[in-house]
Amino acid sequence: MSPSDTALRDPLTPRPTLGRPDDYLHSEHTLRSWLLTHDHKRIGILYLLSITFFFIIGAIAAGLVRLSLIVPNGMIFSNDTYNRLFSIHGIVMVWFFLIPSIPNTFGNFLLPIMIGAKEVAFPRLNLLSWYIFMVASLFTLADVVIGGVDTGWTFYAPFSTTFSSAWVVPALIGVIVVGFSSILTGLNFVVTVHTMRAPGMTWFRMPIFVWTMYATSLIFLLATPVLTITMLLLLMERGFHIGVFNPAIGGDPVLFQHMFWFYSHPAVYIMVLPGMGVISEVVPAFAQRRLFGYRFVAYASIALATVTFLVWGHHMFVNGMSEYASIAFSIMSFVVAVPSAVKVYNWTATMYKGAIKLRTPMIFAMGYVGLFVVGGITGLYLATLGVDEHVHDTYFVVAHFHYIMVGGTSIAFLAGLHYWWPKFTGRMYPEPWGVVAALFIFIGFNATFFPQFILGYLGMPRRYHEYPPEFQILNVLSSVGATILGAGYLFPMIYLVWSLRFGDPAPANPWDAKGLEWTIASPPPEHNFARVPQVDFEPYDYSEREQRT
Amino acid sequence: MNLSQYPLLLWPPAASAIAQETDWLILAWTALALLLVAPVFVGMTWFAFHFRAGRNVHRGVREGRNHLLEVGWMVIPFVLTLIFFAWGARVFDEDWHPPAGATEIHAIGRQWMWKFQHPGGQSEINDLHVPLGQPIVISEISQDVIHSLYIPAMRIQMETLPDRYTRLWFKADRPGVYRMFCSEYCGTDHSKMDGELYVMKPADYEAWLAHAGTADSLAAEGKVLFSSYGCAGCHLPGATVRAPSLAGVYGNPVPMADGGTIVADDSYIRDKILDPDARKVAGYKQIMPSFKGQIPEDRLVPLIAYIKSLGAPNAEPNGEPTP
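In order, the protein sequences belong to chains A and B. Going by this note's numbering, the first sequence opens with residue 1, and the numbers climb by one from there. Going by this note's numbering, the second sequence opens with residue 1, and the numbers climb by one from there.
There may be inaccurate statements among the hints.
Stated by the list, open to error - Simulated coverage check for chain B against chain A, where a stretch passes if three residues somewhere in it have a Cβ under 8 Å from a Cβ of chain A:
(1) 38-52
(2) 86-96
(3) 142-148
No lab work stands behind these hints, which were simulated from the structure alone. The beta-carbon is built from N, C-alpha and C at its ideal position, and this holds for glycine as well.
Okay, chain A solo, but in the shape it has when bound (with noise of 0.2 Å):
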């Protein structure tokens, strides 16, 4: 326990009182100076705002379909209903929370700060892309809740060009202007690590969390252009009747499907690698030990973010693509898995004769390690040629994809919201009361989704709102589960909010953790840091405390 630990909980020991003029939190108050900021922390506390509420829309979203799945025969919600509710969940969760959630909140915060700089290199781009972001995404809102879109969130044409009466083309546009903001965010980010370093900070100093942005930052560069020209395909079909994927004007059925699997599979990693930035972070705080093999989780960042792009085959193995492709695509998915398998064994071994603490954070990253580990290798079940051929498109991809998303990212915002919730806010989490959400959380994702691998296997196809008598049970028992995750989610929307008021002011290092954040006060100054930093030490080093032991 730290000297200021000890002063907090004495009570003789007056508080230290919070609202120092200088934090970034109160230097002004007005809601003009929180929507016209250029500081990256305001605008990732502006991110965090949004996307959470994103993230509540979608679960609702979710809750509603879980709801619909405990009778087989589809009698709460209309067909149309049903496929409308699908698709505002995987809209709204795919776009709106997983890819911004942890790059443009904790990466906005965190990354000029753990490299020692006081700003992103493009303060006005960065308020711009939020901009961007919240028009395109209350846009898009509007359109699937009022006008409501049933092409789920994939629009698999020619089915979304042609044959849907839903309201398809606002969601397009949506989605297009949306990616703007991630492409801006990506820029900045990598110029931002290019240029702004503190003199000391070299590659090989950075936090791995600032790897993993970086590496995301440039598929954000790569991949969404291509997002951005299929679906302006896509609204060229559906507006103008250019023949491009629907055969009976001309186009090509399986085009679509490349052009969108070239996007979406490296968007996995967008969602992916930071997460595993997040985790890279907290084990060896609550761990005390340096992060075990520090240069191989750097190189497998960047590894990650390049083999991914050589995969996207593998969502399309039974379109009647030719065999070899296939063949090829099944290949580089077993060697896309290495890099993951690399950072989990680095992880577990960096615990290895550590002084580990089971604070929240480190409860999260423990369980985020576990589910990542299932959502891994059902993953390279699905990329076993034999294998897919019978679960593809069946709940067995589902439960694979919600282990990676919410039992991989979404835990590891969490773990990463928990972790630096005091330098956020300048308050502390009550901690019971993360174990509990925690044990929730882990609980209820595993009665959630793990029934739904034993569906897929049985062979229950996605999207279907009405199944065979023999597959309740488990979807009963996959609805409960998602009660279960939903109160564990409800926890800590209440608690952390709590905290702003009640909690226990918060030191500026309160888990005796390295990196330049933990560096300057919680809340950090408006600039970040009074003077430059000079960084002369190695990333995690905890040596100190690895030579007192």
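Once you have looked at the hints, place chain B on chain A.
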């Protein structure tokens, strides 16, 4: 066997040798996966307990890197998993190549039903009857959006594309009633686009065919269409217009005007009927009109079956599909 009598099903029935092999594949895969992840789960749990803060254990100073270990846990699991890449590719290869002599059934998907056509001309909606022990090839095409024909008991599915034939095959080895689904999302009633697969003993199947089928065989039906759409006017020997004879075309290479050759399969013939301008045949003037939008998919199937039945040049069409 009626699946809906099972209140809780945990493992699907397997009705073909490949289905059983797929089960062994995923079980063996799971065994390896458990082996590979055991160090992570056991290690994390044990470290969290044994090395918890405040507990007095020997920690020492440990190296932050160990190249042998790091390369080892990268390479060894990768090589082991490649076993399953190869096994999966082998199963896929088997599924890709139907054996000679398989019976060909045509499936036409549209929002939101399946139509199956047997070689003898019998057709059925949503349900499909097949004989036990006989390899069945299902040739699929869609009239509208992308569907996917999925038979869990055979552990196989294949997308049903508009404008392009795809196929899957299986050889059922257990009689019973199994489920079929559309597994590619196709709109409002996607989840109602399902049916049942009846795997019958050959004698029962023959009886079912005789009972269901009063119509002509597909090829014979196609011969009638061949005349009624006017194809015969040009493509039969002795016609006034000089058009290539179709006898013996199916399955053989066709020389193209641009120099290459194309093997005439179902897709090629379909393309030539609907879009004859696209690939010009060497030695002939392209004068054939397009039949796009005029011949529905379920009539293209018998038409192609007829052209397929035109064996060697000058041979009398016998109305039977060639194996």
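Results of checking the hints against the structure:
1. 38-52: With 9 residues in contact (Cβ-Cβ under 8 Å with chain A), the coverage given for the region 38-52 of chain B holds.
2. 86-96: With 9 residues close enough to chain A, the hint holds.
3. 142-148: It holds: at least three residues are needed, and the region 142-148 of chain B offers 4 whose Cβ sits within less than 8 Å of chain A.
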